[in-house]
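Residue numbers (numbering that gives the first Met the number 0), protein chains in the order written: chain G, 0 to 281; chain S, 0 to 255.
Fair warning: there could be bad hints in the mix.
[Said to hold, decoys possible] Here are the simulated EDC-like cross-link-like pairs (lysine to aspartate or glutamate), alpha carbons at most 20 Å apart as the crow flies:
id, chain 1, residue 1, chain 2, residue 2
1, S, Lys-50, G, Asp-38
2, G, Lys-90, G, Glu-78
3, S, Lys-179, G, Asp-194
4, S, Lys-55, G, Glu-50
5, G, Lys-135, S, Asp-27
6, G, Lys-133, S, Asp-27
7, S, Lys-50, G, Glu-142
8, S, Lys-55, G, Asp-38
9, G, Lys-238, G, Asp-106
10, S, Lys-6, S, Asp-29
[What the hints assert, rightly or not] Far from chain G by the CB rule (all over 12 Å, computed), these chain S residues:
id, residue
11, Ala-53
12, Ile-174
13, Trp-244
Calculated from the structure, these hints are not laboratory results.
For glycine and all other residues, C-beta sits at the position ideal for the given N, C-alpha and C.
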Amino acid sequence: MATEHEERGSHFLEKELNSSRFMEKVKETTLRVQKEPEDLAFVWPHLVYIEFICLLLTAVILVVLSMGLSPSLNAPLEEMASPDTTPNPMKAPWYFLGLQELLVFFDPWIAGVVLPVLIIMGLMAIPYIDPNPKGKGYYTFSERRIAVLTFLFGLALWYILIVVGVWLRGLDWQWYWPWEDWTVHKPPGGAQLVDLEVLIQKYVGLAPILSNLATYAIMAGYYVVGISVPFLLFRKFYKSLGFIRYSITMFFFLTMMGVPLKIFLRLVFDIKYVLVTPWFKI
Amino acid sequence: MNGLLEKLQDKILHSQLWRSIFRHGVPDTDYNRAMVMFSNVFLHLHPVKLKRGALKIRYTFCLGGLTFFFFIALTITGVFLMFYYVPDTRQAYQNIRDLQTVIYFGNFMRNVHRWSAHAMVFFVWLHMTRVFLTGSYKPPREFNWVVGVILLVATLLLSWTGYLLPWDQLSLWAITVGTKMAEATPLLGYAGPFGPELGRRIDNDVRFMLIGGTVVGQNALLRFYVWHCIALPLVASLFLAVHFWRIRKDGFSGPL
């Protein structure tokens, strides 16, 4: 039998049979060489069977959901596209609702362009700013507290914004609790929004130009103070990262924290813009 | 009777036809289990052996694999849908109605496509979370994480471009909202910071490039169709190849 095999696809098989990697693999079950016997299992059947069962289960669920057992499970199709009527509320697909919810608190260029790009760049940077060698290949919290907490915080922020966008925003993007009547418009308005520089004018008494400059200082100060504090108080943390990694990490961290901070300022103090420049507003 | 069946099986397994297709025996010997991984193009993605700890479902929960499964399901149902869909603003909506009503298995295929799409987006986030929590992005696997983020972006873009194709109210306005954000891009959008100063107008900025016009219309539909069915799947396949290759080369980061 073996010789027939070899004849059949001899040049094909010969490479395989003669390659040292292949022979090692076969030998590993029969011979114990100098290496410590590792606990290895053949992919066929063990892994392949697990994958197959996973695949079958998911396929069954997918088919049952798609069979058309109930109209509510069908893919939606509303009326034909009409440039004249805008649906109210006009919601993006659920995975973008986080960004659309951010539009309430930030201008489109931040909510729609800058923040998503920073999120992607921040995600890409993670392996390069994480110096901790622990936690590779198993689940742990205590060995990598900062990393896990920061990541889960960002994830929670993202999901909370999505939840709000899906279930708590109704007509005119107003806040609707699930038990309220979603077909009735709410009176517009609410609190009157002011800019931070107007507040500074009012309560600190500076002239308009000076209070405008003060807002620049506050924005810069947020980052300066934010970057200096761990450098001064948690020197070990700074040393473990080095200057470049530290700066990158703190920039992304402070920007991420800036999002709930600005949401807080808007909801509690009715502040619309923290910084107003002739070209853009934050 | 048993002897007869065995003889029949033997004859089939040793026939020229069978042995020309399957260049390995039944994988019930260690030799054949190794051969299967070497001679089958689909299975050669796997190693011959792996650490027993890596078999634990509670390590990976099959999340990456299921994301890939949804991608395959989307491709297959997508091809089916492509037979019945024309990216023309005068036809697209009716094509979808036809798929829902008169075309055999049309509604089923569309449903599978839509459920797989949402599932793929959801599972890709879960997979990313799992990889993070098991530290499987730490050296030497850093760049594979970056490739994974690229795949995440590709998944979201695939979902978003597909959203426009039914050409219903949801499609048109979701894409209008999205592209309106594009016009606010700093430097490149005509309504973004420093955009007008750099000469961006409504008919030459990044949003114009995206939708091929000043409003979301026929050009946008065709462009999004090409992105959705050709360009982005090719990009995703390319990066998937790199992603799987690196997993094999770096070894599975299972429990030690």
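Legend entry - Ala-53 (chain S) and chain G, when compared Cβ to Cβ, separated by more than 12 Å: 8 Å, violated
Legend entry - Verdict on Ile-174 (chain S) as a residue remote from chain G, using beta-carbon distances over 12 Å: Ile-174 (chain S) is in fact no farther than 12 Å from some Cβ atom of chain G, at 9 Å.
Inset, instruction - Below or equal to 20 Å on CA atoms is what counts here, so check Lys-135 (chain G) against Asp-27 (chain S). - result: 34 Å, violated
Inset, instruction - Could you grab the alpha-carbon distance between Lys-6 (chain S) and Asp-29 (chain S) and see if it respects the 20 Å cut-off? - result: 24 Å, violated
Legend entry - Hint consistency between Lys-50 (chain S) and Glu-142 (chain G) [alpha-carbon to alpha-carbon, up to 20 Å]: Violated. Lys-50 (chain S) to Glu-142 (chain G) sits at ~24 Å, over the 20 Å cutoff.
Inset, instruction - Verify the proposed pairing of Lys-50 (chain S) with Asp-38 (chain G), using a straight-line Cα cut of 20 Å. - result: 6 Å, holds
Legend entry - 20 Å Cα cutoff - pair Lys-90 (chain G), Glu-78 (chain G): 15 Å, holds
Legend entry - Straight-line alpha-carbon gap Lys-55 (chain S) to Glu-50 (chain G), limit 20 Å: 11 Å, holds
Legend entry - Lys-179 (chain S) paired with Asp-194 (chain G) [C-alpha distance capped at 20 Å]: 24 Å, violated
Inset, instruction - Starting from Lys-238 (chain G), check that the Cα of Asp-106 (chain G) is at most 20 Å away, please. - result: 37 Å, violated
Inset, instruction - Starting from Lys-133 (chain G), check that the Cα of Asp-27 (chain S) is at most 20 Å away, please. - result: 39 Å, violated
Inset, instruction - Determine whether the non-interface label on Trp-244 (chain S) survives the test: each CB of chain G must be over 12 Å from its CB. - result: 16 Å, holds
Hint compliance for this structure: hints 3, 5, 6, 7, 9, 10, 11 and 12 are broken, all remaining hints hold.
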